[in-house]
Amino acid sequence: MGTQYKSLKTEDIDFIKEQRVFFVASSSGKEVNLSPKGYESLKIIDSNTLLYMDYPGSGDRTARDIRNNGQVTLMFTSFTETAKILRLFCQGELIERNTEGFLEAAGNFREASPAAIRRFIIYRIYAVETSCGKSVPYMQYSGERAGVRDWALKKSLDNTIEKYIKDHATPPEL
Numbered sequence: 101m102g103t104q105y106k107s108l109k110t111e112d113i114d115f116i117k118e119q120r121v122f123f124v125a126s127s128s129g130k131e132v133n134l135s136p137k138g139y140e141s142l143k144i145i146d147s148n149t150l151l152y153m154d155y156p157g158s159g160d161r162t163a164r165d166i167r168n169n170g171q172v173t174l175m176f177t178s179f180t181e182t183a184k185i186l187r188l189f190c191q192g193e194l195i196e197r198n199t200e201g202f203l204e205a206a207g208n209f210r211e212a213s214p215a216a217i218r219r220f221i222i223y224r225i226y227a228v229e230t231s232c233g234k235s236v237p238y239m240q241y242s243g244e245r246a247g248v249r250d251w252a253l254k255k256s257l258d259n260t261i262e263k264y265i266k267d268h269a270t271p272p273e274l
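According to my numbering, the sequence shown is numbered sequentially starting from 101.
For the record, the hints were derived by calculation from the structure and aren't laboratory data.
One or more hints might be untrue.
Straight-line C-alpha distance at most 25 angstroms; calculated SDA-like pairs for lysine to any residue [to be verified]:
| id | residue 1 | residue 2 |
| --- | --- | --- |
| 1 | Lys-234 | Gly-159 |
| 2 | Lys-234 | Arg-197 |
| 3 | Lys-255 | Ile-185 |
Pair by pair, the computed Cβ-Cβ distance ranges are [to be verified]:
| id | residue 1 | residue 2 | range |
| --- | --- | --- | --- |
| 4 | His-268 | Ser-242 | 41 to 51 angstroms |
| 5 | Gly-233 | Thr-110 | 28 to 38 angstroms |
| 6 | Leu-134 | Met-239 | 11 to 21 angstroms |
| 7 | Leu-134 | Ala-227 | 11 to 21 angstroms |
| 8 | Arg-245 | Asp-267 | 18 to 28 angstroms |
Idealized CB from N, CA, C, for every residue including glycine.
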């Protein structure tokens with residue numbers, strides 16, 4: 101049976117740090133958006149605050165949804181022997197490029213190249229929920245895909261990233 105509470109516990113923080121992938125779900129009255137996330141892109145600031153480093157991508161639904169109502173759910177699940185699902189119900193806040201706080205946010209990530217980052221997202225947790233995760237299969241981690249990170253860095257070096265971000269700021273209509 102799942103349990104609900106208001107802030108991350110020490111064991112939740114440890115669990116999050118062990119995960120190689122997590123999922124972000126959002127909606128603003130349109131389609132429900134669900135995105136897998138990886139890299140060392142998430143930092144735990146405190147028991148109710150996370151900071152996410154957002155690379156440019158083909159869509160921008162999470163940001164659209166945060167602008168409209170801010171409601172986001174993050175889900176972490178174990179693919180190892182220890183079965184567990186952890187959901188974080190959050191209010192999102194965007195820190196856009198070239199705005200106050202952007203470079204300060206970048207300082208939380210040792211490998212961050214600010215020129216290659218689309219934005220940072222602050223997730224303010226208002227509820228935490230755990231469940232057993234016993235139906236989740238075992239899977240082995242075999243490595244990261246550097247594609248998006250390398251692509252964004254290349255775009256920043258050839259000075260085309262701003263145009264790409266602008267051209268892809270509105271998600272496609274479904």
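Range hint 11 to 21 angstroms: satisfied by the CB atoms of Leu-134 and Ala-227? 19 angstroms, holds
Against the range 11 to 21 angstroms, how does the distance between the Cβ atoms of Leu-134 and Met-239 compare: consistent or not? 18 angstroms, holds
For the range 41 to 51 angstroms, tell me whether the beta carbons of His-268 and Ser-242 fit it or not. 29 angstroms, violated
25 angstroms Cα cutoff - pair Lys-255, Ile-185: 36 angstroms, violated
Satisfaction of hint between Gly-159 and Lys-234, Cα-Cα up to 25 angstroms: This hinted pair is violated, its Cα atoms lying about 32 angstroms apart.
CB-CB spacing for Thr-110 and Gly-233 relative to the 28 to 38 angstroms hint: 19 angstroms, violated
Lys-234 paired with Arg-197 [C-alpha distance capped at 25 angstroms]: 40 angstroms, violated
Satisfaction of the hinted span 18 to 28 angstroms by the C-beta atoms belonging to Arg-245 and Asp-267: Once the Cβ atoms are compared, 23 angstroms apart, the range 18 to 28 angstroms for Asp-267 and Arg-245 holds.
When the structure is compared with the earlier hints, violations turn up for hints 1, 2, 3, 4 and 5 and for no others.
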